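Each chain is listed here by its residues.
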Amino acid sequence: MPTTMLRKIIDLHTVTRSGDGDLLLYVDYNVVHEGPFYAFDGLAREGRDILRPLQTVAFADHYVPTTGRARGSAGIRDAEARGMVERLQSNAQRTGIVHYGIDHPQQGIMHVVAPELGMTHPGMLIVGSDSHTCTNGAFGALAFGVGASQIKHILATQTLWFKAPRAMRLTVNGELATGVSAKDLILAIIARLGIGGGSGSAIEYAGHAVRALSMEARMTLCNMTIEAGARAGMVAPDEKTYEYLRSTPYAPQGAAWEQAQEFWASLPSDPGAEFHTEIEMDGSKVAPMVTWGTSQDEACGVDETVPDPASFADPGRRARATHALAYMAIEAGTPVSNIAIDRVFIGSCTNARLEDLRAAARVADGHRARIPAIVVPGSRTVKREAEAEGLHEIFLRAGFEWRDSGCSMCTGSNGDLVPRGERCASTSNRNMEGRQGKGSRTHLMSPAMAAAAAIAGRIVDVRPLLRS
Amino acid sequence: MESFTVLKAVAAPFYHADVDTDELIPHRFLRKPLSAGYGNFLFHDKRRGPDEREDPSFVLNMPAYRQAQILISGPNFGCGSTREGAVYALRDFGIRAVIASGFSDIFSSNCAQNGVVCATLPDPVVRNLCEGLESSPGSELTIDLPNQQVVSSDGVTYRFEIDSSRKSRLIDGRDEIDVTLKHRDEIAQFEAAYMKRLPWLFQAGRVT
Ligand code: SF4
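Those sequence lines, one after another, are chains A and B. Numbering-wise (this note's numbering), the first sequence opens with residue 14 and increments by one. Numbering-wise (this note's numbering), the second sequence opens with residue 3 and increments by one.
Please keep in mind that the hints were generated in silico from the structure rather than gathered at the bench. Remember, predicted model here, so these are calculated numbers, not experimental data. Don't be surprised by glycine CBs; every beta carbon is placed ideally from N, CA and C. Please note: incorrect hints may appear among the correct ones.
Capping the alpha-carbon separation at 20 angstroms, the derived lysine to any residue pairs in SDA-like fashion look like this [unchecked claim]:
(1) 10(B) - 190(B)
(2) 34(B) - 34(A)
(3) 169(B) - 36(A)
Residues of chain B placed beyond 12 angstroms of chain A at every Cβ, according to the derived structure [said to hold, decoys possible]:
(4) 8
(5) 23
(6) 71
(7) 103
(8) 127
(9) 139
(10) 181
Just the calculated beta-carbon pair ranges, DEER-fashion [to be verified]:
(11) 67(A) - 133(B): 53 to 61 angstroms
(12) 34(A) - 7(B): 19 to 27 angstroms
(13) 91(A) - 39(B): 14 to 22 angstroms
(14) 321(A) - 138(B): 32 to 40 angstroms
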């Protein structure tokens, strides 16, 4: 019977099933950050061991500072943040799990580092302590986030009880226009599905516009799948996937490479496989997108005006939008490209890979930022590679700050906060009230759009800048 | 984990769509030890103004709802991050059940791990219940988990939806790891076959 990629991966990992129809799945990698310390505490309290320490990988990213990194964790001024970074380190040392700590030459955001090292292969089941673990789906893996109790369960058993999500296929036809990136595509997708629209589903992205995306762009696409409420996003592996993996340190070596590639090629959904939901979109119609509200589906094209909440048929959405506009201090009908911005954040697991920084640098080159702007590479590897290309010089000349890697202003847990009442153009993935700091106002957009906003001091359409 | 069967308690109406985990507990509190009392952080930025003073108009600050053990809300409750701190905050405040017209997958799964019931009712029913509670603040609802029923104070019964495996876990209050470890041999057999099938995953120096 023709089978979806989702089903193939689930079947491959099924150990057993419960009377209630839950599946016990074997987990290839468990990826954690500083957050789920409760899981380690719980195991210690219950006197349980970690079954497969080398299949858990820990990353210091949420609480690491992005300046003054020379002294490692000792240099973290905030005692609680330092405690989080050091606690992860001591838990890793005590339990023997793999650890990319603050001093590690490959340190960075977990969803940037794991794929960049080649830990993520097609067909894998990767579970993490963070909802954006779905980023790894770009390789044709099934990847999703869980809470601390389930992290504890994986640590103790290397398995997870799981209810299979419904398979949704979202086919994007056509081609994305110049100046339109994977970030714009996923914002358009979320605007269409709504933030609960993917609930209970795993989305397989397909179609010409998706195949045309680079691996890094596919990661951006899969990264924000959770913002539509879906459990996971995935893209079938192809030549680009293999090409990307080939040179990574965790890639299969020698004869194993051929064997692995043969297996990977068996993973894509079979022709005729049935999806619970099929959605089609025209990629050529997507414009650079900007969020105007406090939910990720409150977004529109940069050439549009902020909608009037009264125009929403659904009373819940209407109320939410009314509240959002009040919080954002924006009036309905305002042209998006007129909104003045106070600062810019280029970073996060959505948009801090090398291609993202290249796109931003291309726009910034030869200009000068009018407002504070920080660039935070997703990993130290990205930072090194960007510096080798001279991107940092472009940013510095344009008045952008060039920082060290971490989650930074995406959620501000390391202290990189947007001050109350300020408006931030951000390449991150969440724009809820207070996400970047209490009283902060976030507009999500692509790296190129964020760089353009830094230079103009307001939201502008990046497309004319790229044509000139 | 404490077992959950029937709960009769004050219910707080909080009808909003897409209540996210950042609202339930802002990120800056997730660095605190559990002993700090996560109940204080529940809805922190909604419950308290910039000067930390309580906002008397926020539902959980009203005298009628301070002892609430049930919270009622709209669609897609608990969306956003995986932070289990959101559930710790609810539970520590005293909330044992959330009734909503929909839940995020991750959130409801985290709740089941911590003895908190997520009961799904159709949106119009949820709105009605909220209106009823607003007109007589402090009134109680009954949640009967084995029979999947919500009973209002005037005796009207509604059947709610809950995932069957989560339901039985909540009723038994059993530890999931202990249940899984009963399958220890199956896991070992699976692993051996899996390593044979995908040996490159277990190459020396990689995963072993
Ligand atoms: S960059 Fe933001 S969304 Fe990504 S893992 Fe860090 S805090 Fe989470």
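Structure-inconsistent hints, enumerated in ascending order: Violated hints: 1, 2, 5, 7, 10; rest satisfied.
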